[in-house]
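Colleague: 81 is the number that this note's numbering gives to position 81 of the sequence shown; each next residue is one higher, with no gaps.
Hint data in this document are derived by calculation from the structure and do not stem from the laboratory. Heads up, a few of these hints could be off.
As the list claims (entries may be wrong) - Computed beta-carbon distance windows for the label pairs:
1. D106 to T127: 16 to 24 Å
2. F98 to R33: 37 to 45 Å
3. P23 to P48: 16 to 24 Å
4. D58 to Q97: 29 to 37 Å
5. D128 to A56: 28 to 36 Å
Each residue gets a CB set at the ideal place from its N, CA and C atoms; glycine is no exception.
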Amino acid sequence: MALEDVDEENGCLQVVPGSHTWPTLCTVPADIRTSFTDIMVPIPEGTPLASVTMKAGDVLFFNGQLVHGSFPNTSTNRFRRSLIGHYIEGNSQQIGQFYKPLLRMDGSEVVLEASDDGGPCGTWVNTDGTPVLEITGYEVMGKATE
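All chains should be modelled from the sequences, with the hints used to inform the complete structure.
Modeller: Next comes the structure, spelled out in structure tokens:
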């Protein structure tokens, strides 16, 4: 939920439309001078991004597999504050250790087995001039290994 108006100048969310249908992508190190986190999901050059401009009070729900992120706030006098919540299926039996503690809406903790393991992840390869996803690694707590 946007707590104030957000646009490109103050670093609104950017999404890659349709990327929620891709396999999980392996992460790579990010430049923390321009990125909120130290990892990122690489996307092929020329892949369209969509800016999600919002007014204060607007709420956005999206699939967590959707490739998303934001650019730095370049405004000299505006913030980019928001409230963020992640949701999982009610019948989930395991979560990544990274998400602990997992809390219900009332603040009580959900007790689930935590895993340090991830699953297969893919990287972009160039096949006859076309970017294609190839499963090449194993995602572990946000870091890819070969």
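Colleague: Work down the list of hints and note, for each, if the structure agrees.
Modeller: We went through each hint and held it up to the structure:
no.: 1; hint: D106 to T127: 16 to 24 Å; verdict: 50 Å, violated
no.: 2; hint: F98 to R33: 37 to 45 Å; verdict: 23 Å, violated
no.: 3; hint: P23 to P48: 16 to 24 Å; verdict: 19 Å, holds
no.: 4; hint: D58 to Q97: 29 to 37 Å; verdict: 32 Å, holds
no.: 5; hint: D128 to A56: 28 to 36 Å; verdict: 47 Å, violated
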